[in-house]
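Line by line, the protein sequences give chains P and C.
All residue numbers for the first sequence refer to the numbering used here, where the first residue is 1 and numbers rise by one.
All residue numbers for the second sequence refer to the numbering used here, where the first residue is 1 and numbers rise by one.
Since the hints were made in silico from the structure, they are not lab data.
Every value quoted in this text rests on a predicted model; they were computed, and no experiment measured them.
Not one of these hints is a red herring.
Below, simulated EDC-like cross-link-like pairs (lysine to aspartate or glutamate); rule was C-alpha separation at most 20 Å, straight line:
| hint | chain 1 | residue 1 | chain 2 | residue 2 |
| --- | --- | --- | --- | --- |
| 1 | P | Lys282 | C | Asp120 |
| 2 | P | Lys306 | P | Asp285 |
| 3 | P | Lys282 | C | Asp127 |
| 4 | P | Lys263 | P | Glu235 |
| 5 | C | Lys110 | C | Glu66 |
| 6 | P | Lys279 | C | Asp120 |
| 7 | C | Lys50 | C | Asp141 |
| 8 | C | Lys62 | P | Glu135 |
| 9 | P | Lys372 | P | Glu235 |
| 10 | P | Lys282 | C | Glu121 |
| 11 | C | Lys161 | C | Glu77 |
| 12 | C | Lys62 | P | Glu297 |
| 13 | P | Lys279 | C | Asp118 |
| 14 | C | Lys39 | C | Asp118 |
| 15 | C | Lys169 | C | Glu80 |
| 16 | C | Lys97 | P | Glu129 |
| 17 | P | Lys279 | P | Asp307 |
| 18 | P | Lys282 | C | Asp118 |
| 19 | C | Lys103 | P | Glu135 |
| 20 | C | Lys169 | C | Asp141 |
| 21 | C | Lys62 | P | Glu129 |
| 22 | P | Lys108 | P | Glu120 |
| 23 | C | Lys62 | P | Asp285 |
| 24 | P | Lys279 | C | Glu121 |
| 25 | C | Lys62 | P | Asp295 |
| 26 | C | Lys104 | P | Glu135 |
| 27 | P | Lys339 | P | Asp359 |
| 28 | P | Lys380 | P | Glu361 |
| 29 | P | Lys380 | P | Asp41 |
| 30 | P | Lys279 | P | Asp122 |
| 31 | C | Lys97 | P | Glu135 |
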Amino acid sequence: MISFLPLGGANDIGASCYYLDVEGTGIVLDSGTHPRKIGLDSLPHFDLIRDKNVDVALISHAHQDHIDSLPYLVQHHPYIRIATTPQTRGVAELTLHNTVNILAEQLKDHLELRPYTHEEIDLLIQSIEWHAYTEQFTVNGYRHNSRDPVTASFHDAGHILGSGGILVEHGGRSIFYTGDINLEQQAIFPGAILPNMKVDVLILECTHGATEDSLFPSRDEEETRLTRSANNILENNGSVLIPVFALGKVQEMLAILWRQMVKGSLAKVDIYTGGVGKKICKVYDRNRFVVPYNDPEFVLDDVPQKDIYDIEQIEDLSRQHCIVLAGSGMMIERTMSFKLAQRWLQDTKSAIFTVGYMDPETPGFRIRHANKGDLIQLTKTSEPQTVRCNIDRFRFSAHSTRGGLLSIVERLNPGMIVLVHGENTSVDWMGYTILKNFPYMKVHGAEVGKQVTLFE
Amino acid sequence: MPQQFSIERRIHFGVLFFFVVMLPLSLASQTVEPIDRKKLLSLISERNSKPLLLNIWATWCKPCVEEFPDVIRLSNERTEIDVVAISADFPDEIEEKILPFLKKMNVPFKLYVADFADQDEFFSMFDPQWGGEIPVTFIDDQNGKQTHFLRGKHSFMEFQKAVEEVIRKR
Ligand SMILES: [Zn+2]
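For reference, chain C alone in the conformation it holds in the complex (with noise of 0.2 Å):
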């Protein structure tokens, strides 16, 4: 007969988990939250007076991973704009491919991931001219208004630059 798990074991398992596999997870600065349409329509209409930068990217995207030590560092030194960062990549992967890339990075700003049923809603949620290829950044200046659609892998010479103008424009 195979062995019972029982109560005692079970609670003392729990535990075991708890301290062993939750609590470092939770004490880790950084999470990844899914974000569905209704969060991400409020993402980007609350605007609490600031411009946003909004890049869109994937760890399996090479150019896009490369590109993200720009965003920190643009976040880091502009916070006169709000950034965020939206992962194309599976809500399920967060633990196994989105948090062990970050792990490496000081990440200053919210991260999601896209968790919509259907890839061609998502991309239907900004400029009707975006196909969906990443990496993508859309800047939005304070009223909400789109100013920037940048497509493809930028510098943060380029990412500055274009915040100046959406701050200069205000």
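Excised from the complex, chain P in its bound form (with noise of 0.2 Å):
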């Protein structure tokens, strides 16, 4: 038999965390947390397999939603193996070593979960095994049941460095799950690579279930339309905040910004970057000629930039003249982006420009949804203050389209799909339109705790 058990990120997004049970072999596949919640409630409900078999974690890329409570999950499970690419064992090591120092301060309060340590970090590390894309390996867990071997492989998800959709083959079935997988071009990556096969069963995420394709402008549209608005901050004097993720959103924005500067299309000021955004793209640039990049010789260190972290009064950043990358990209509490954001609201004449996916409650959904006079609150605690900068909302999406999501379901041409890694609204119009344009096909929205059977 053939299962699947949701632990975390099903109708949500945020601790991805999925359960398969291939013929008594147990296989993770990914182990984040929710990047909103703190604490226990941030972890997938591991309590729903700790009687099963859990021989090897396969994880999709290092976002913290996929990866952060990988530490967590091999506490409960110590001899698990755990593969992934080799260029998410890159970024995880800094990523995992950077959450070690967000973890302390974030659990102080939160007595129940004890924060990972570097030490934990490292000795994980070293323990994860890498397979480069396509690459077919054996998973068979101790107590596998059947003669014919589990196999996995990794498949270019284009979605961040080392993004990997997860194929798991038994005995002539397959099951595919995307990870977060994006169809079309980015600033630096070209796109997934999909396996060049129909697959029994898919495993889909809906990021951007709900959202209607006409609302994602070309890409070309979009960083004009940024450049034009920048420049119109800048030429008056303002500066621009980018809230952004340290992982995927610093190195596209990076390159957006960059390439509209040699072009001569963006005013040339000072570019200011951080943390270990700064360090993840040396990893990307290690990686340019190992995994598809559309221009291999694009070399992200050799953007000028400076670093927030040299800066002794990050207040005064605002009146710099400057465009500014700094996370957390949703703002949350405690963040470089949130401090800044919170001085930034205050100056007329600079902007805060949002690029990506915002959790609804977080800061980053109520600034990008605000407006110039309007008053808002940013966290339940904080006082509310009237926003005086421009908020300006752009889309640089690392996730398929609505049409990006059809069309893998169209090219795998599965006979069971099952809906994860999206908030309802989203799940509801991806199942609605598969059973519409592919009546065959059998669609599962994922329920956390609910077992799927998908072979007998």
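Each chain sits in its own coordinate frame; assemble them with the hints.
Structure (structure tokens):
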């Protein structure tokens, strides 16, 4: 029997974690945390697999919501094998050490969960085995009860460096988990390379299931609009703050800003970056000949940058006539972008540009949906404040659009689909549309704790 | 009580281990040695009057793996230069990753795996323009002066051309 059990990241974006039982071999697909939640709440429901076979964890990419609970999974299952791509392992080494610092601070008031340590991360990273894209490897567990082996392979998902959809195969049957996936080209990456085959089961992310494709302008249009908008602010001696994820968005935005500056379209002002995002740029650069890049000759580290952490009075940054790329991407409390935003919001000449996904309950979401003159409250405990700066919204998504998701369905032509990683509205729209277009497919909306039998 | 491993059995096991595991390994033509800072410095500086082509690769890097047969061919056909390859895999991956890959080829030159506590220290041993991207190939003339810095995957013809240039210079 092959069954599928979501532990997190089902009808929600955050704490992605799914358990596959393939004839006695227990496979965990991803092990993330919920970016908005703290302590035990932020973890997947590991209790659901406490008494099950847990043999191997396969990690699709190094974003927090797909990898950050891995150290806790290993505490529960010390003998688990962990596999990912070499690039994800390289990036995770940086991001997980960074998470150690964040957790130490966050969990001070949450004694129910012990923050993991740098030593644990060192050991964890050493124990991660890596497999290049398309390389097939065996993952049979101790209690595997079939003569046919279970194999797995990663397939370039075009989302961020190292991201891979995961193909699990057993006895002629195939299950493909997209992870976070993007079929379309981004500034750095050319887009996903799907396995060239029909799969039996597709586990599909639905981030943009609720967003009409017409709301996604073309990348060129969006780059031009961002350039114009930034020039307007910079010409009037303002500064632009762009909250970004350290992994993926920093690199994409740097590539876009620099491309526009080199063309002479965007004013050549100082770009501020820093922290782990800057370190990740080096891992990107080192892999530029290894995995598909649009332009392997482009080097992120060659883009002139100043370091936010070198500035003594970060409050003064908004007066520096510059562009600041700061984490976190959703302006979560206590992060650099949150601190800077409080200053920016008061500055009539400056602007905050939002460029990516925002969880509806984050300060970033509130800012993204505010306009000049509005009164907003960033967190439950903070004082309401008037938005004095300009707010501009852009869409540079690292995820497939609806159309992209449907073409994944069409190309892999599965008999069964399990929808994950999307809010209810997204999952509903995807389910409805898939059934309308492909009436012979069986569609499930994943629910945490609800097991789905994929094969009897 | 768990069964004790008697001295005789240990010796027996040791002998068996030698014949079954160690001997085939030592008989295999290919060896890969860890290389640290000191060894790498002497490797680069000791030129024995020949130019040196130094290829840096890793088993996880597809273009490196694709390029490798061309490096081998170059080494076979151009004996007037020394060829050395350094793997950017981890030293503890020699058995599991590097040797299985090399088994398929007959490598005529010396192979190392970088053994540096800090990756950046390894990268800093070479051209300052190099940020650690692989595959990469450096060619030094017989005096140890770098003449070529080839980033990304190159073909036999491209290596051949670069080698011609170094030799002609001589
Ligand atoms: Zn992601």
